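Engineer: Letter by letter, the chains look like this.
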Amino acid sequence: MKLKHLLTPLASAILLATTCAQAELAYVSNEKDDTISIIDLETMDVTETLDVGERPRGILFSKDYSKLYICASDSDTVQVMDLATKTIIKELPSGEDPEQFALHPNDRHLYISNEDDALVTIVDTETSEVLAQIDVGVEPEGMAVSPDGKIAVNTSETTNMVHWIDTTTYQLVDNTLVDQRPRHVEFSKDSSVLWASSEIGGTVSVIDVASRQIMKKISFEIKGVHRDKIQPVGVKLSDNGKYAFVALGPANHVAVIDAKTHEVVDYILVGRRVWHMDFNHDQSLLLTTNGISGDVSVIDMDKMKAVKSIKVGRYPWGVKVKP
Amino acid sequence: MRLRQSSLSAITLTAAISFVPQCLANLEISIGYLHQEIDQGPVLSNILPEPEDSGLKGTELAINDSNTTGRFLKHHYQLQPVRDDDPDRLIQKTDQLYQSGVRFFVTNTPADTLLKLQSHLPDDAVLFNAGSPADALRSDRCIANVLHTLPSRAMLTDALAQWLKAKRLNKVLIISGNNRDDKAYTAAFKRAAKRFGIKVVAEKAWSFDSDLRRTAQREMPLFTQTKEYDVVFVADERGDFGEYVLFNTWYPRPVIGTQGLTPVAWHRVVEQWGAAQLQSRFDKLTGRWMTSKDYAAWAAVRSIAEAVTRTRSDDTGMIYNYIRSDQFELAGFKGRKLNYRDWNGQLRQPIPLVHPRSLVSQSPQEGFLHPTNELDTLGFDRAEVNCSNPS
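Protein chains in written order, with the numbering used here: chain A, 219 to 541; chain B, 92 to 482.
Possibly wrong hints are sitting among the right ones.
Derived pair list, reagent style SDA-like, types lysine to any residue, alpha-carbon separation capped at 20 Å [said to hold, decoys possible]:
1. A:250 <-> B:362
2. B:295 <-> B:317
3. B:375 <-> A:335
4. A:447 <-> B:452
5. A:435 <-> B:400
6. B:165 <-> A:382
7. A:529 <-> A:490
8. A:529 <-> A:498
9. A:250 <-> B:448
10. A:447 <-> B:457
11. A:250 <-> B:450
12. A:540 <-> A:266
13. A:407 <-> A:500
14. B:207 <-> B:172
15. A:441 <-> B:464
16. A:441 <-> B:457
17. A:447 <-> B:467
18. A:250 <-> B:449
19. B:165 <-> A:392
20. B:258 <-> B:344
21. A:441 <-> B:458
22. B:165 <-> A:352
23. B:375 <-> A:294
24. A:529 <-> A:511
25. B:375 <-> A:353
26. A:447 <-> B:419
Because the hints were derived from the structure by calculation, they are not lab data. Here the structure is a predicted model, which is why all the values come from computation and not from measurement.
Go ahead and model the full structure; you've got the sequences and the hints to work with.
Structural biologist: Take a look at the structure:
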């Protein structure tokens, strides 16, 4: 408190300037442009576009937000970008065609799905060492590590399974059959429930992690949209445990689901072919990437409505917000 | 709390008991692939011939895909391909496969041979037609225990006619080759034209035998000098003269049909909806592009495997019934789930419209509505089928 009083107006001006410069930034991977767009969430403008490897898809931050990991699918590598200098400082041996990945809570082990090789590759991000490669189903896609760090799960799009991997032994321990073309998996904060979207099946399976059995299959209905065009992809759970958001692909809507009752409570209209999502830090905004319209929709969580769309590159795929 | 826990473990236990015996059952599924080699005769445009193993490689890829999945369930699939240019010898070889226990067959044969095979095989054999686009098999000559994964000519030409309508290209000149297949393709297009209100301004049969590679620029304009048209439809399934119609018509108009803008089950240019992955897996296996017949054969094997995975059974009747039920869904890399029409066993599917280097469109076109499923605006709908005993 005392310290605060001691601050001269000049120093507080400097402090203010730095906080402004540290507005939240959304990083968006543009699959067809080989770039990352950076959106300033204060001004809602793209402030920078960075060249990265070929066909960037999945992206995620290191725990301290100093690094961005990028699946450069067609370059067959995971790139590591230093966010202070915005340069690629390292390329990790990811196996072929990395599409999605997940970082273990230990902040070191990266679980990568290799779409062309029916493999999950585990890489130590510090030593660049490949720790294990695990055989999974055809076209591995969705990847998640439970917040408690015990289990990694992968979905295979053509095999239609959720594969459960023990993170201590790197062994595949079980498989759960879900609907056609499982795309994305997301754990609840307490690691007890797994949400898995099935793009062609048109459903989201809510799976009990302990028994690895499906507790509930959620389906969707939007007036004026044929049910075959409702194709769930990205899933995002709010930290307060109230909602699950599901991006419905060519249906151009995000479904809002009551995370407790598993009932759909609303549909939010966004851009075309909505793919993946991320919250800003206080979860007042939800950002979606829209592949065909080439933009990002910003959803106001109070209004449950898209309030802004921001043009980015071609085929925006992943989005992650840095506080 | 204690009660809740114990009841929960009881549930888990029952789930485990009911799950384990099914899950541990080893299943071995054999699938026959029957290919009748057809001599298409000499064609003028022979630069890019259809690969000889078109169809076969599709089944091989599907077997690989299915075995990767099967590994987790202890299901194993194997392919038993046979080929012959003589239908009777092919039937004999099929007989041997049946005797050895094979019940699922993917066929790449003309319609006549398929009819013979079906009437020859006992009732518990299930055939997937991945070789014949014949409309009769889907309309008035439906046969039992046969499913069709290759689109019919009617589906292909309906896809074209919808696109014409969407583009407001309403007046068509038809050029048809002289063999039976070309005439069937033309007949299908005329049916489509009638359904969607496209006007045929003139119809011409190609019966010349000059070497068009040298003379197309001189002869084709004269041949296509008719009443004015918006578009030229060509029926030349073998690829004899059709390639030489493009850019040589009297009116400078687009060419559609078997050449130019072509409706297909599959083509290298199809990349959306995860198709890029299927294409690259196929390319890795074969070193060539995946054809419509490869796709149809792939879809057939994948349908069988999908039904085995879901039913956890190798019972032919159960698998066949599951495939034909409304529970069945196949992820076919075409943007929506695929299933079979219960009135004629045809696999419902969107039809890509392509030219050799790019995807132009995909039918059904937007706005062509159907009371139950827009995909049924392509091909023979329930009311148009006249099968006394549909398969």
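Engineer: Each hint: holds or not?
Structural biologist: To see whether the hints hold, each was checked on the structure:
Only pairs whose Cα atoms come within 20 Å are accepted, and residue 250 of chain A paired with residue 362 of chain B is accepted, the gap being roughly 13 Å. Between residue 295 of chain B and residue 317 of chain B the alpha-carbon distance is near 10 Å, which keeps this suggested pair within the 20 Å criterion. Restraint check for residue 375 of chain B and residue 335 of chain A: the C-alpha separation of about 11 Å stays at or below 20 Å, so the hint holds. Only pairs whose Cα atoms come within 20 Å are accepted, and residue 447 of chain A paired with residue 452 of chain B is accepted, the gap being roughly 17 Å.
Between residue 435 of chain A and residue 400 of chain B the CA atoms are separated by roughly 19 Å; this keeps the pair inside 20 Å, and the hint holds. Restraint check for residue 165 of chain B and residue 382 of chain A: satisfied, since their Cα atoms lie roughly 17 Å apart, inside the 20 Å limit. As the CA atoms of residue 529 of chain A and residue 490 of chain A are separated by approximately 12 Å, the hinted pair is consistent with the 20 Å bound. With a C-alpha separation of about 18 Å, the suggested pairing of residue 529 of chain A with residue 498 of chain A holds against the 20 Å cut-off.
Between the alpha carbons of residue 250 of chain A and residue 448 of chain B the distance comes to roughly 18 Å, so the proposed pair stays at or under 20 Å and holds. Distance restraint check for residue 447 of chain A and residue 457 of chain B: the Cα-Cα separation of roughly 12 Å lies within the 20 Å cut-off, and the hinted pair is therefore satisfied. Among the hinted pairs, residue 250 of chain A with residue 450 of chain B is consistent with the structure: their alpha-carbon atoms are about 17 Å apart, no more than 20 Å. Taking the CA atoms of residue 540 of chain A and residue 266 of chain A, the gap is near 14 Å; set against the 20 Å cutoff, the hint holds.
Distance restraint check for residue 407 of chain A and residue 500 of chain A: the Cα-Cα separation of roughly 16 Å lies within the 20 Å cut-off, and the hinted pair is therefore satisfied. At most 20 Å may separate the alpha-carbon atoms for a hinted pair to count; residue 207 of chain B and residue 172 of chain B meet this at roughly 18 Å. With a C-alpha separation of about 15 Å, the suggested pair residue 441 of chain A and residue 464 of chain B falls inside the 20 Å cut-off, and the hint holds. Taking the CA atoms of residue 441 of chain A and residue 457 of chain B, the gap is near 16 Å; set against the 20 Å cutoff, the hint holds.
Taken as a hint, the residue 447 of chain A and residue 467 of chain B pair is honoured in the structure, with Cα atoms around 16 Å apart against an allowance of 20 Å. At roughly 17 Å between alpha-carbon atoms, residue 250 of chain A and residue 449 of chain B fall within 20 Å of each other, so this suggested pair holds. For the proposed pair residue 165 of chain B and residue 392 of chain A, the alpha carbon gap of about 13 Å is at most 20 Å, so the pair holds. A C-alpha spacing of about 13 Å is found between residue 258 of chain B and residue 344 of chain B, which places the hinted pair at or below 20 Å, so the restraint holds.
Annotation: proposed proximity of residue 441 of chain A to residue 458 of chain B holds, straight-line Cα distance about 16 Å (limit 20 Å). At roughly 18 Å between alpha-carbon atoms, residue 165 of chain B and residue 352 of chain A fall within 20 Å of each other, so this suggested pair holds. At roughly 16 Å between alpha-carbon atoms, residue 375 of chain B and residue 294 of chain A fall within 20 Å of each other, so this suggested pair holds. The suggested pairing of residue 529 of chain A with residue 511 of chain A holds, with an alpha-carbon distance near 8 Å, which does not exceed 20 Å.
Proposed proximity of residue 375 of chain B and residue 353 of chain A is supported: the alpha carbons are some 18 Å apart, at most 20 Å. For the hint pairing residue 447 of chain A with residue 419 of chain B, the CA-to-CA distance comes to about 17 Å; that is within 20 Å, so the pair holds.
Figure legend: structure checked against the earlier numbered hints; every hint is met.
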